[in-house]
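*Asks:* Please construct the entire structure, taking both the sequences and the accompanying hints into account.
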Amino acid sequence: QFTQQYQPAVCNSNPTHCNDPTDKLFTVHGLWPSNRNGPDPEKCKTTALNSQKIGNMTAQLEIIWPNVLNRSDHVGFWEKEWIKHGTCGYPTIKDDMHYLQTVIRLYIIQKQNVSAILSKAAIQPNGTNRPLVDIENAIRRGTNNTKPKFKCQKNTRTTTELV
Numbered sequence: 001q002f003t004q005q006y007q008p009a010v011c012n013s014n015p016t017h018c019n020d021p022t023d024k025l026f027t028v029h030g031l032w033p034s035n036r037n038g039p040d041p042e043k044c045k046t047t048a049l050n051s052q053k054i055g056n057m058t059a060q061l062e063i064i065w066p067n068v069l070n071r072s073d074h075v076g077f078w079e080k081e082w083i084k085h086g087t088c089g090y091p092t093i094k095d096d097m098h099y100l101q102t103v104i105r106l107y108i109i110q111k112q113n114v115s116a117i118l119s120k121a122a123i124q125p126n127g128t129n130r131p132l133v134d135i136e137n138a139i140r141r142g143t144n145n146t147k148p149k150f151k152c153q154k155n156t157r158t159t160t161e162l163v
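In terms of UniProt numbering, the sequence shown opens at residue 1 and continues consecutively.
Please note: incorrect hints may appear among the correct ones.
Claimed, not checked - Below, in silico cross-link-like pairs of lysine-lysine (DSS-like), each with a Cα-Cα straight-line distance of 30 angstroms or less: (1) LYS147 <-> LYS111; (2) LYS151 <-> LYS94; (3) LYS84 <-> LYS149.
Note that these hints are calculated values from the structure, not bench results.
*Replies:* Here it is as C-alpha cells:
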C-alpha cells in the first residue's frame, strides 16, 4: 500500500503539535507491504536504514516524504517506516535504498501524487464538501483504476471544519 497523508489533517488529529507550518498537500506516509488475507506484516527484520547511503535522494524525499510532525528529523521518520513496513517487502523490496527509490518512483515518476491527481480533477482543499465518490473516482482515474482506501481522522485541535 502506497499511503499518503494530508499534512494539515496530520497536525490537527495528532496529540503532538507540528513544529512547523504544514503545506496543503498530500505527501507520502509510507510504503506498506500488505497481505490479501490476514493482518499486514510489520517489523519483519531489525535492519536499520543506512542513512549514509541516502545521499542525492535526500532533497526529493524531504519534499515528497517529510516528517510532518518534526521537520528536523526526516531520516528518523523514514527509518521508522523502513523498520516497521519496508523490511517486510522482501523480495519485491530488496533493501532500504530500494525502498526509498520505490517511493520516489511511485510518487514522482509514476505520478501517484494524490494532490496532483485531485488538482487535475479540480478538487481543491478549499473547504468545499465533496462526495467521497468524487474523490475516489478522481484517484481511480489518476492511478490506472486502483481503488483507494480512505482513513478519516477526527480533528482534535479545533471544533471548526478542516479547510
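*Asks:* State for each hint whether it applies.
*Replies:* Hints versus structure:
For the suggested pair LYS147 and LYS111, the alpha carbons sit about 16 angstroms apart, so the restraint of at most 30 angstroms is met. Between LYS151 and LYS94 the alpha-carbon distance is near 29 angstroms, which keeps this suggested pair within the 30 angstroms criterion. Proximity of LYS84 to LYS149 is assessed by CA-CA distance (about 20 angstroms); at most 30 angstroms being required, the pair is judged to hold.
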